[in-house]
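Student: Spelled out from the first residue to the last, the chains are:
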Amino acid sequence: MSDDQYLRIAQQFIEALPHARVLGLRLLSVSPGHAEIELPWAAHLVGDPATGVLHGGAVSTLMDTCGGAAVMAHPAANAGAATLDLRIDYMRAATPGQAVRARAECLRVTRSVAFVRATASDDDVERPVALMQGAFTLHAPRLAGEAT
Amino acid sequence: MSRRPEPVQVVKERRDAALDTLVGGLPYLAFLGIRFERRGDELTAVLPFRDENIGNPLLPALHGGVTAAFLETAAVVELAWSQLWPQMEGGAGAAAPGVRPPLPRTIDFTVDFLRSGLPRDAYARAVVVRQGRRYASVRVEGWQDNRARLFAQASGHFMMPDLSAGPGAAFADDEAMDPAPPASEPR
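Chains as they are written, first to last, in my numbering: chain Y, 13 to 160; chain U, 237 to 423.
Just so you know, the hints here were simulated from the structure itself, not pulled from any lab data.
Predicted model, so just to flag it, every value in this text is computed and none were measured.
Please note that the accuracy of each hint is not assured.
To give an idea of the interface, some chain U residues facing chain Y are shown, with a C-beta separation under 7 Å as derived from the structure [to be verified]:
1) Phe285
2) Asn289
3) Glu308
4) Thr342
5) Thr346
6) Glu377
Selected chain Y positions facing chain U (in silico; Cβ < 10 Å) [unchecked claim]:
7) Leu40
8) His56
9) Ser72
Derived Cβ-Cβ restraints for the label pairs, each shown as a range [to be verified]:
10) U/Arg356 to Y/Arg139: 36 to 42 Å
11) U/Pro322 to Y/Ala55: 31 to 37 Å
12) U/Val244 to Y/Leu40: 37 to 43 Å
13) Y/His56 to U/Ala401: 28 to 34 Å
14) U/Gly269 to Y/Ala62: 54 to 60 Å
15) U/Val247 to Y/His56: 32 to 38 Å
16) U/Ala401 to Y/Ala28: 45 to 51 Å
Don't be surprised by glycine CBs; every beta carbon is placed ideally from N, CA and C.
Please construct the entire structure, taking both the sequences and the accompanying hints into account.
Tutor: Now the structure itself:
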C-alpha cells in the first residue's frame, strides 16, 4: 500500500469519529507510531470571546485524537486505542485565527499500553502552544456494567 | 435596628444572573452543550448527550477529548465562581453587572479516564483544593448514571486573574502567556 493510500485510509478513520468531524480535524501525516493532525481555528471553538483564543478543551481533543492515531498507526496495535490518562501543559495561548497542529509519537508500546507524547503549535512552531503526555490502552475498555 | 433579610427571590435572581454572565456567551461551551446547575454556591456542570460528542462510534463512547474539555470547563468555572461569590455576597454586587470577569487560565490539566463515557448525559463537580493569590489547584469528578461510579476524574493548576487590576491587566505575566506579537513588531 502506498503512503498516499495509507494516509487516505487513516483520514477516513478520523472522519468516522463524529466529534473529530465536527471539529474539522485533518490528518496531515501518519507513519508507524507517529501522527500529525491539524485543528483549524473556528469562532465557535473560542474559549473566551474577549481574547479569541481557542478553548483548551479543543486543544485537548486534538491532542487525544492525535495520540490515539499515533498508537493505532503503530505496528503492535491491531485493536483500537483508548486513553487511560493524559496530562496537558498549556504553555501559551494559541494565536487567534491560526490553525493548531499536533504531532504525536509513541515513546514505547507494550502488549497492553502505549506511552505517547505530543506537541502542539500554531504558525510559530518554535514556541509550542501545548505539550501532552499520555498512556493509551491497546484494547477498548469494557463498557460500564458489561459482564466480565 | 435589625436589617430585614433580602427576599429570597432577589438573592436567587442576583446569583443566577452572575452565573449567567460568567458562562453565557462562551462559544466553546455552547458548541459542546455544557450548562451549569446551581444550588446555593454549589455548581454542577452538565454535558447533555449529543451524537456529535461521540469519539468511538462502535462502542459508542464519548470522545476522550470532550470528557477532558468538560472537566476542564467545570474546573475553570468553579474557580471563577468561587472568586466571584464573596464579592457578590459581600454586598458589592457582581463586579459589574453583565460584564464577565476575566477567567482563570489553565496551566496544566491531568485527566484519568476510568470508564468509557456512555452515550448519556454527564455531570461534573469541581473542588478548589487550594487557592492562593495567583495560583489555584482544582480537582474534578465526572460521573454519568451513578454518582459513586466516576467515569473520569481530573486535577489541574490554574493562574488566577487579578480582579482588581481592571480589564487587560488581569494577568501579571501576560507577556509569557499571550500570543507573540507579529514578527514585524519589536519584542
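Student: Taking the hints in turn, state whether each one holds.
Tutor: Results of checking the hints against the structure:
1. Phe285: Not OK, violated: phenylalanine 285 of chain U not within 7 Å of chain Y, min 12 Å.
2. Asn289: Hint on asparagine 289 of chain U: holds, closest Cβ of chain Y at ~5 Å, below 7 Å.
3. Glu308: holds (6 Å)
4. Thr342: holds (5 Å)
5. Thr346: holds (4 Å)
6. Glu377: violated (15 Å)
7. Leu40: For leucine 40 of chain Y, the interface hint is violated, since the closest Cβ of chain U sits about 18 Å away, which is over 10 Å.
8. His56: Cβ of histidine 56 of chain Y sits 5 Å from chain U, so the hint holds.
9. Ser72: Because about 4 Å separates serine 72 of chain Y from the closest Cβ in chain U, which is inside the 10 Å limit, the hint holds.
10. U/Arg356 to Y/Arg139: 36 to 42 Å: holds (40 Å)
11. U/Pro322 to Y/Ala55: 31 to 37 Å: holds (34 Å)
12. U/Val244 to Y/Leu40: 37 to 43 Å: For leucine 40 of chain Y against valine 244 of chain U, whose Cβ atoms are near 56 Å apart, the range 37 to 43 Å is violated.
13. Y/His56 to U/Ala401: 28 to 34 Å: Cβ of histidine 56 of chain Y to Cβ of alanine 401 of chain U: about 29 Å, so the range 28 to 34 Å holds.
14. U/Gly269 to Y/Ala62: 54 to 60 Å: Violated: the Cβ-Cβ distance is about 22 Å, outside 54 to 60 Å.
15. U/Val247 to Y/His56: 32 to 38 Å: holds (34 Å)
16. U/Ala401 to Y/Ala28: 45 to 51 Å: Between alanine 401 of chain U and alanine 28 of chain Y, where Cβ atoms are some 47 Å apart, the hint holds.
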